[in-house]
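Peer 1: Here is what each chain is made of, one letter per residue.
There are 2 protein chains.
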Amino acid sequence: MKITCSQSELAKGINIVSKAVPTRTTMAILECILIDATSNEIKLTANDMEIGIESIIEGEIEEKGIIALDAKLFAEEVRKCPPVDVTIESDDNYKTVIRAGELSYDIVGKPGEDFSKIPVIPRNEPVIMSQFSLREVIRQTSFTINEANSNNKMMTGELIEITGDNLKAVALDTSRISIRNMKLKESYSDKKVIVPGKTLNEIAKIVTGGAEDMVEIFFTDNHIIFEFEKTTVVSRLIDGEFFKIDHMFSNDYETKIRVNKKQLLEGIDHCTPILNNSAEKKPFIMDVKDNDMNLRIAAVGNGMKDKVSIEKDGKDITIGFNPKFFIDALRVIDEEEVNLYMVNHRSPCFIRDEEDSFIYVILPVNLQE
Amino acid sequence: MKITCSQSELAKGINIVSKAVPTRTTMAILECILIDATSNEIKLTANDMEIGIESIIEGEIEEKGIIALDAKLFAEEVRKCPPVDVTIESDDNYKTVIRAGELSYDIVGKPGEDFSKIPVIPRNEPVIMSQFSLREVIRQTSFTINEANSNNKMMTGELIEITGDNLKAVALDTSRISIRNMKLKESYSDKKVIVPGKTLNEIAKIVTGGAEDMVEIFFTDNHIIFEFEKTTVVSRLIDGEFFKIDHMFSNDYETKIRVNKKQLLEGIDHCTPILNNSAEKKPFIMDVKDNDMNLRIAAVGNGMKDKVSIEKDGKDITIGFNPKFFIDALRVIDEEEVNLYMVNHRSPCFIRDEEDSFIYVILPVNLQE
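Just so you know, the sequences run in chain order U and V. Going left to right, the first sequence walks through residues 0 to 368 as numbering that gives the first Met the number 0 numbers them. Going left to right, the second sequence walks through residues 0 to 368 as numbering that gives the first Met the number 0 numbers them.
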């Protein structure tokens with residue numbers, strides 16, 4: 000194989016597919032990036048058997064061929080190459096030379112035929128949305144996913160549901176639910192899948208385009224496929240039935256609070272020094288009285304008090320929460336003002352806008368006061 | 000005690016003295032920052048018994064007093080305070096309240112009297128240099144210090160020697176020597192001390208002023224003292240005789256190379272991917288022939304080759320080095336062109352300018368070729 004492409008194009012392609020290189024694996028071949036120049040295009044591939052990413056890069060093929068190169072070493076070497084044309088040449092013994100000007104790297108590759116290629120999956124009608132919107136949906140929900148949760152695999156992923164022209168993303172753990180509804184430009188047939196959190200977090204890193212750059216998303220029984228520019232990401236889905244949560248939602252409330260988001264976030268974030276310096280995870284207490292929200296947290300020997308102005312509709316309330324859950328949600332909300340809805344000190348608090356474009360549900364902590 | 004000062008002034012003072020808070024200590028009181036408002040100024044102090052830092056901050060004293068507050072918690076809380084006036088008030092039981100607008104933190108302090116104050120050291124003639132120059136001298140030598148070297152305490156510090164109007168800084172380990180000579184504006188009586196590396200590295204972080212901002216440096220038998228603006232840093236010295244190195248220097252050479260610093264640094268840095276991916280620390284080989292410097296490194300299965308143009312005076316040479324030592328030195332040299340002087344493949348390489356304002360001595364690796 001002998002190919003030539005610009006250093007920047009090569010580095011960009013490597014950066015994209017690297018997101019699917021497993022950090023730990025028993026299959027050494029999966030630690031490689033596959034360079035496939037057997038047809039008329041140069042395709043880079045990485046595959047951790049959960050996510051696979053293919054990206055086609057611009058370049059010239061002087062001699063067709065295929066080779067798998069250690070991903071970490073290959074990526075570091077290409078990053079060190081000067082910004083000129085880079086030639087990659089490998090012989091029948093998989094000995095490979097990466098050449099850029101006077102600089103050359105020798106690297107022993109592996110047979111490309113051993114690489115686990117990404118399955119070819121029949122695809123039908125794609126759902127189309129902008130790269131910006133996809134990134135936003137992920138950013139505003141995926142913080143709730145616990146990728147490492149080994150007790151409940153549903154909590155390692157996120158529900159993506161298409162109903163007509165609405166895309167709904169739901170992530171939850173034992174204490175909170177994050178929901179994002181987004182209007183699509185067209186209507187589609189109904190779809191409902193559970194996507195691994197890792198897939199969403201990696202996708203958010205490589206879908207770097209704006210509101211004008213589109214992604215096509217294909218749904219199959221076992222896979223979700225993202226296609227954009229010259230890149231294809233194929234991910235396995237999580238098998239099973241997602242949590243039923245509809246019964247949790249009602250429009251009843253006893254207390255409605257309208258508050259400046261930045262002020263509320265800063266007020267609750269003032270708990271952070273106390274939490275960082277306390278072995279015990281203490282809740283903060285939100286004490287709503289008339290048009291004041293008093294915030295306080297106490298640990299052994301130290302504590303914090305703060306006050307935020309609010310507009311209140313309904314009853315006063317005293318309720319406790321894990322500060323992290325509020326901080327996580329408030330950080331990803333773009334609105335200047337937010338509404339909180341509460342029933343009593345044992346029932347969840349809802350942070351939602353009028354259109355339900357986002358709903359964050361946070362369970363309170365039992366105060367035992 | 001009751002004092003008021005601006006959040007920014009307080010945060011700045013805490014940031015400076017925090018450099019002397021020990022990360023691990025058996026004396027809990029040393030994990031504190033002392034606020035001393037017993038006289039007419041507000042003085043913050045931290046002391047790890049090796050380095051002590053005092054900084055006076057602007058503010059108003061409403062009630063004189065002294066209190067020691069846990070450094071980490073205090074620093075985090077002040078950082079979270081809004082940019083307004085901050086009041087710190089403590090009672091006879093060391094209960095302290097930090098107040099900024101509606102926000103308040105409660106923190107239980109410790110009696111200030113228990114704090115190990117910084118010794119009062121009689122000082123005479125200060126050596127004066129700019130903060131910029133002091134930072135440069137440290138940056139250009141301290142990378143050679145191994146603070147963790149438990150076999151040889153001389154290698155955990157740096158020689159600072161004043162002779163007339165010359166300041167000389169020398170740091171070394173078993174494979175290299177870094178020397179910086181700097182002309183001072185005035186002449187001083189001779190001084191020769193060994194300063195702990197930790198002191199120099201912390202000083203470099205807090206001496207942030209420019210070429211017009213001065214530092215006064217006092218030398219005593221057991222201490223070095225840095226005074227600038229409203230801050231005083233007192234450090235113990237390392238006791239003993241520094242290595243004799245003068246016999247290593249001569250002006251003889253067999254090969255003199257003049258090379259563009261950036262090109263040489265990049266060429267040697269091209270070894271980094273090979274080093275990062277090899278368990279064994281391989282040397283790189285510098286093969287000088289006519290007006291070319293060929294660089295190469297080889298590990299199991301992979302390697303690098305590069306070529307840099309040079310001007311050569313004297314013999315061709317093939318010699319091996321630890322790439323890190325060259326990269327470290329070349330990174331801190333400001334000159335565009337550098338001169339390398341070598342005798343043979345077993346003798347050290349000297350990187351130095353004509354005026355000896357810097358000299359980096361790097362021992363070669365035995366090539367066994």
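Don't take every hint at face value.
Unchecked claim - Here are some chain U residues the structure puts well away from chain V; computed CB gaps all over 10 angstroms:
#, residue
1, S5
2, A27
3, K79
4, P81
5, Y104
6, P272
7, P347
To be verified - Here are the in silico distance ranges between beta carbons for each label pair:
#, chain 1, residue 1, chain 2, residue 2, range
8, U, D286, V, K94, 19 to 27 angstroms
9, U, K261, V, E279, 50 to 58 angstroms
10, V, K261, U, M26, 52 to 60 angstroms
11, U, N165, V, K280, 30 to 38 angstroms
As the list claims (entries may be wrong) - Using 30 angstroms as the maximum straight-line C-alpha spacing, the simulated DSBU-like pairs for lysine-lysine come out as follows:
#, chain 1, residue 1, chain 2, residue 2
12, U, K306, V, K109
13, V, K109, U, K71
14, U, K1, U, K184
Don't read these hints as lab results, they were simulated from the structure. We put the beta carbon where it would ideally sit given N, CA and C, even for glycine.
Peer 1: Now, for every hint given, state plainly whether the structure supports it.
Peer 2: Tested hints:
Under the 10 angstroms C-beta cut-off, the non-interface status given to U:S5 relative to chain V holds; the minimum distance is some 18 angstroms. Consistency note on U:A27: stated as away from chain V, and its beta-carbon is indeed over 10 angstroms from all of that chain's, at 13 angstroms minimum. Residue-level check failed: U:K79 sits 5 angstroms from the nearest beta carbon of chain V, not beyond 10 angstroms. In this structure U:P81 is not separated from chain V by more than 10 angstroms, as the shortest Cβ-Cβ distance comes to only about 8 angstroms.
At roughly 5 angstroms, the least C-beta separation between U:Y104 and chain V is not larger than 10 angstroms, which violates its mark as non-interface. For U:P272, the non-interface assignment is contradicted: its Cβ lies about 4 angstroms from the closest Cβ of chain V, within the 10 angstroms cut-off. No beta-carbon of chain V is positioned within 10 angstroms of the beta-carbon of U:P347; the least distance is around 27 angstroms. Remark: the range hint 19 to 27 angstroms for U:D286 to V:K94 is upheld by a beta-carbon distance near 22 angstroms.
Between U:K261 and V:E279, the C-beta spacing of about 54 angstroms keeps the proposed range 50 to 58 angstroms intact. A hinted range of 52 to 60 angstroms for the beta carbons of V:K261 and U:M26 is inconsistent with their spacing of about 41 angstroms. A C-beta distance of roughly 58 angstroms is found between U:N165 and V:K280, which places it outside the suggested range of 30 to 38 angstroms. As the CA atoms of U:K306 and V:K109 are separated by approximately 28 angstroms, the hinted pair is consistent with the 30 angstroms bound.
At roughly 51 angstroms between alpha-carbon atoms, V:K109 and U:K71 are farther apart than 30 angstroms, so this suggested pair is violated. Of the supplied pair hints, the one linking U:K1 and U:K184 is violated, its CA atoms being roughly 44 angstroms apart against a limit of 30 angstroms.
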